[in-house]
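Colleague: Chains as they are written, first to last, in numbering that gives the first Met the number 0: chain A, 0 to 229; chain B, 0 to 242.
Some hints here could point you the wrong way.
Listing some non-contacts, in silico: residues in chain B with all C-beta distances to chain A over 12 Å [unchecked claim]:
id, residue
1, LEU32
2, ARG67
3, MET90
4, ASN98
5, ALA105
6, ALA111
7, ALA115
8, ARG149
9, GLU205
10, VAL242
Computed from the model, here is a short list of chain A residues facing chain B with C-beta under 8 Å [unchecked claim]:
id, residue
11, MET132
12, ASP133
13, ASP146
14, ALA228
For the record, the hints were derived by calculation from the structure and aren't laboratory data.
Glycine included, each C-beta is placed from N, C-alpha and C at the ideal position.
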Amino acid sequence: MPDDLSALQLVLSGDPALLAIVRLSLIVSLSAVLCAAFIGIPVGALIALTRFPGREAIIVALNAMMGLPPVVVGLAIYLALSRSGPLGFWDLLFTPQAMIIAQTVLVAPIIAALTRQTVEDLWVEYRDELAAMDVGALGRVATLVWDARFSLVTALLAGFGRAAAEVGAVIMVGGNIDGFTRTMTTAIALETSKGNLALAVGLGIVLMAIVVAVNAFAWMARRAGERLAG
Amino acid sequence: MSAVHPPLSNLPIAFEDVSVVVGAVTILDRITLCLAPGTPTVLIGPNGSGKTTLLRAAMGLLAPSRGRVAWGGQGIGAPKRRAIVFQRPTMLRRSAAGNIRYALGAARIARADRDARLAELLTLVGLEGLGGRPARRLSGGEQQRLALARALARDPTVLFLDEPTASLDPAATKAFEDVIHAVVARGIKIVMATHDLGAARRLAGEIVMLHRGRVIETGAAADFFDTPQTGEAVKFISGALLV
């Protein structure tokens, strides 16, 4: 098909516009996953290792938040960052930073929920040994997160998948501004609506390649790590 | 092994009218017992007799429902210099050496001393050369000896062993018991639970027999096996089913 050939030519020629979009997409998604990991891993581990009234309700809510609708998150962040909103003074609306915030809100519950499950499962295994070694609360969290690190890669991948594929929230808070806040997903939606299928398909190919490459790299790193650490 | 010292400040461990009740089930029933310094004490009895629970209470991992456990004559918190090897020890997801290093760190052994201690412990349990191997890839017998090394990293005065050879073949059992003899020779008090009469005969200096959460009989191992005083002990030694 002519469109497919044009798309491939765009990708192979290293079209500057396409590369700029890919670069911004990666920056936004990876930054969001990083921020979400800093929030989600400690929160998940804390919930896994502590017992308090309402814990089950929080776990149910956390699991439910894994399916947060991106447009609802986008709307909430839009309202918060708009000039009349509580965070309007940050002046972040329609910037990459706003997109990172929105994706962090979407990804953090995924990482927290998967971390909670992973750490809790490992805690069942380790509880007696760590108690016998008089390991304190902070030491337990650090030990469990470290020893679960290869499993937690899956949580990070799930978060990256969510961020990389997401379009609703970033288009609302980013505005899809050409050369500034246009990502692969928002560009695909826009170019498709304009009938520019070559660029849309080219971006789709790149997006799929990136997701597959990141997962393949993580899988290989996990296998290598498990071989070394057991 | 210079790293392991024999002070006995945590002993005796005195059970004073100790009961452990979980729900409607009485697991330990008014146990009064003294685990004194000296030769290994072996807790024997059929499955469900309360051996593991007694070890966990002695270790301080379990609070009695009634009565108290006193270490070194004190009823305060469990002392630090005690360690346990569980029946199915969990290997941390690290190398064999990493497991021992972790235990040395948890026991707050000075960093400068850890390499030497690690080498000593690996040699003691016969795992020299396997330090870099992932702990979970070791054989069952090797994992059990690694768990022993990890326990000894705490420099314990008393070491609890919960059916440590229950799932090992004869060769692995012998290797484990050889290490236990070396540990005993260094003055560390061993308290071991088992339902294996052979292991009890080979290792015990003192026997405590449990049945249905109660202490049925105690005494020197030779006396217990030669002249048991209770019907339950006679049945157990003869190999009859004790239920």
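Colleague: Can you name, in rising order, the numbers of the hints this structure does not satisfy?
Modeller: The structure breaks hints 3, 4, 5 and 8; every other hint is satisfied.
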